[in-house]
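Novice: When you get a sec, could you build the whole thing from the sequences and use the hints?
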Amino acid sequence: MTVSDPGKEMHALVERLYPLCRSITGDGVRATLDIVGEYIPLQVHEVPTGTQVLDWTVPQEWNIRDAYIADPAGNRVVDFAASSLHVLGYSVPVAATMPLAELREHLHTLPEHPSWVPYRTSYYKPEWGFCLAQETLDAMPDGEYEVRIDSTLADGHLTYAEHVVPGQVADEVIVSCHVCHPSLANDNMAGVAVAVFLARELAERKPYHTYRFLFAPGTIGAITWLARNAERIDRVKHGVVLACAGDRGSLTYKRSRRGDAEIDRVMQYVLAASGRPHSINEFTPYGYDERQFCSPGFDLGVGSLTRTPYAGYSEYHTSADNPDFVSPEAMADTLAVCREAFAVLDRNRRYVNLSPYGEPQLGRRGLYDALGGRSDTKQAQMAMLWVLSLSDGEHSLLDVAERSGLPFDTVAAAADALGAAELIKA
Amino acid sequence: MTVSDPGKEMHALVERLYPLCRSITGDGVRATLDIVGEYIPLQVHEVPTGTQVLDWTVPQEWNIRDAYIADPAGNRVVDFAASSLHVLGYSVPVAATMPLAELREHLHTLPEHPSWVPYRTSYYKPEWGFCLAQETLDAMPDGEYEVRIDSTLADGHLTYAEHVVPGQVADEVIVSCHVCHPSLANDNMAGVAVAVFLARELAERKPYHTYRFLFAPGTIGAITWLARNAERIDRVKHGVVLACAGDRGSLTYKRSRRGDAEIDRVMQYVLAASGRPHSINEFTPYGYDERQFCSPGFDLGVGSLTRTPYAGYSEYHTSADNPDFVSPEAMADTLAVCREAFAVLDRNRRYVNLSPYGEPQLGRRGLYDALGGRSDTKQAQMAMLWVLSLSDGEHSLLDVAERSGLPFDTVAAAADALGAAELIKA
Amino acid sequence: MTVSDPGKEMHALVERLYPLCRSITGDGVRATLDIVGEYIPLQVHEVPTGTQVLDWTVPQEWNIRDAYIADPAGNRVVDFAASSLHVLGYSVPVAATMPLAELREHLHTLPEHPSWVPYRTSYYKPEWGFCLAQETLDAMPDGEYEVRIDSTLADGHLTYAEHVVPGQVADEVIVSCHVCHPSLANDNMAGVAVAVFLARELAERKPYHTYRFLFAPGTIGAITWLARNAERIDRVKHGVVLACAGDRGSLTYKRSRRGDAEIDRVMQYVLAASGRPHSINEFTPYGYDERQFCSPGFDLGVGSLTRTPYAGYSEYHTSADNPDFVSPEAMADTLAVCREAFAVLDRNRRYVNLSPYGEPQLGRRGLYDALGGRSDTKQAQMAMLWVLSLSDGEHSLLDVAERSGLPFDTVAAAADALGAAELIKA
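Protein chains in written order, with this note's numbering: chain S, 1 to 426; chain D, 1 to 426; chain F, 1 to 426.
By construction, these hints were calculated from the structure, which means they are not laboratory data. Bear in mind the structure is a predicted one, so any value in this text is a computation, not a measurement. Note that beta-carbon positions come from the ideal geometry of N, C-alpha and C, so glycine has one too. Take every hint as true, because none was put in to throw you off.
Not the full set, but computed from the structure, chain D residues with beta-carbon under 10 Å of chain F:
#	residue
1	R364
2	L385
3	S404
Specialist: Put into structure tokens, the structure is as follows:
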């Protein structure tokens, strides 16, 4: 008998996706989306090279088959087959022999972590290069080296995918995660895995909002989506960029540029109410694709949920961000917070008290204990009084929960009861 | 030779009112208002059973002549004649004999305070019952008990009273206190006594605002008043619900729902400026009749002044809330704070500086020391400068007092002097 | 070879100005302005006695040639020639002989500082008097004293001067300092000296704003300027009253009445960013001529910069406020803060992002490192992202600096680069 364990399943997905050589374009992204598509149906978009997207242009597509450095003895001391990190992302092709001194200008290492391989790219400036461990470099004798990068840069497409969980209303929540990083686990296959399982859960409960999941390369992918969805932007009411979702650090929510968007307040409430250790960070215009969603022309209510945030751990953008660096429990915890936050977001509405002059007589509607005396300890009744008091069209249920100190679920249940009694309406 | 001592006089009034069996309707309320009417003239209103008042209906009138439990030996072990608390408020009549086991379902005790009798009511669900000390119950042997409640529930009236102290303007301040609780001293005969003496004091000083004192049963009384005074509501600018006004705890002011109504700021200022230990509590939709005045349709600037607040002391709603529980000093202190607060409220106006370009030359108007040098230590002159500076139609004298750190009285005197010199106008 | 040392030069100017007997009118003010005019060109205004200025009237002009008290032996025990403080400012003439007991009513001392001479005036009430050390008074034997004040009070003029440093725009910053105090160094010859050197520096850098320096007697001088410049007031966007600019205490900025005027925010930012110990004080309607500029009819964004503030040191308004009391270093420090603050004020503008949908591609404009990876540590690039993010017409560069935590200069340089690339416009 098998028991479903989303943490383990998400970790298995991360392990599957990890080896692929992703970049901002190319077959690595497509292979990634093929696997994701086995879990949830995807609408995959292919946008041709040269397409103007906002201030940017879709670049040529990059693909790579092989790459290596062979030492004077002919041994492959650096080999793309071992890790997709070994090649500078978007390297132009090269096939040459050169002395180590000349080769060194194309080599990237992390002297402070001599056994780790760094992650580097050069999307918009034609370059070639290799990333390797400092230890490897230190062991390389002088002499002539053969270098070969069998890559292509040619007109093609930028690839991204969407998955929509239809809701009761057309208003949308965007969940976005970047799929452009090669063999890095926390950044961002963990975010992809949490998004996938979140989408499956949401579909089961027929959510209030429509949830749109976006799997796209960083920056250029989000910009492409924004450029091609101008007519849809007004429907996007909330959003979360998911990244670094699986490391063992505590959760961090980074506010939207607006700072007090509803998603900001919901995330802050849920993290605090849950008792989890967590951090709330102010918006900065650096990080993941919240940069694009929060650019001043759009200024969407999109924050970012991570565990240890952007660049906050030494393994960041190195070979040490591998599947061992992420844990099933951490991913399950990230998933749980998303679940809780979206449950609040989906129920958080403003009501109008239809009997606003004095308190309505709850007792004769069966909503209040008939026997007098103290009832302030009775949370359900207090929640009804609070909802009635603050249902002036200005306060949301989250406002009621925060001001009353009562749990959101209790407040929402009180609103349901009052709505059924026709004492409030949304 | 006798010296007036309001504290002692208020305590004497509490002792007189204490024994009466009040409820939300009935002769106990009328007897209470008769006594209050010996101190200040009252306009008594009788509202017929069945009258629709907002979402509520005036209930049948309840009256009671006698009630007791007699043990198998015929001894009255519980007797209404000893305390009005012994009968569940609004008990339907009963005359029966039953075994203790059956009787127990109608008995209310306080096991954690075995010698105290609790206070219980059942206004809107037909019930009968007795309240008694746990000790009494523990001493009751098994056997057949005679129970008798000689009460009536019949069409009649709901009774409440008003007393108005006319002011210089029609704008009203409401002072409301509930008169529906039977033999409880702090809750609320102390509030009634403070209201009575406050009304007498206000009449002596011809206040700026018109002060309306309301003596009415809790909830249904306030709702009835609001329903019958729809055309007057707009005149109600401020208000205070007085309750628990005599215990030995420090004062507590509970803000109105608006949170920053003028009465909220005045009370907070006066309590802080006086140096008294005190608490300022945020609004909650539970408590006394501020619930009704602050319901979102009315949203009046009405707070609540108590000493130890609602349900904050173990004697609350028990026989231990008797005249010994309230002190003359505490009631005199509550009265003094009301006096001080209303003195500020009555003088707190916004002025416009009629000479707003540069400072007016106070010296030639005799408002400023002619001999130069330092004068910032001279409060009266500083107060004039502050009033001139902030009299832009936006700032009240309370704003001036708070921003300058000068006593309100000094600021108000400065405004008087500047007004007399025609440098400002209200 | 001489090196320019503004601190020493300012101190030399203070020493030159110190002995002059200034008052709110008269030749002492003219002599002061003559000396100032040797440093910066001045436009000197003479306003006739009797001129109506706002609520005030220009008083008669006061001049004094000699004054003394001679003891019974004929010795001049108090002599105006020794210090201009010895005569009560605006003393009417007197030539009399009287016993010490009668003379005492006209004598002012500081018993708590027996060797210091106080500073006293009586501008608007005809009086005569002498100020002297308590020690001097204690040593004066009984007997007949000759008193003589050879002063004149006659129709004449009130004198003040302006110096304008033209800017790129007509919007003005006022720098005002009072010139009415006789032999007091910190109050306010130090302020005058800092203003003079600030004006010279500003002229060298062709500032954005037009800077107007005002050298005028306190109160009546500022009022006269305001009365005669009604049509110019709308151009005054910011201002600083300079006083007590040379004592060894730390700097104090007193906010304008508005409290959050741009000058308030700039001064607070510069003082905090510089790491100097300093105080920020709230506005009060007492102090120097910010009283007039901030009167509610004008309500200009004018604060006051001092070292130890108004009346905050025991030497205040006494003979102990002499050139030794002020230091070259302190004056140089005050000058530096003004320089820094006006540099920020002159560059602090609101921009609009011309490419607000998504981030513009900085890389192809040469504004961003082409090689990917971390760049959040690169302040210049972060500053560009912050300026782009907040350039919505609402946020100033100072807002950007405060919110980003980046130095204002870095932010302003980023705005320059983005402006040159036509990505933002002011």
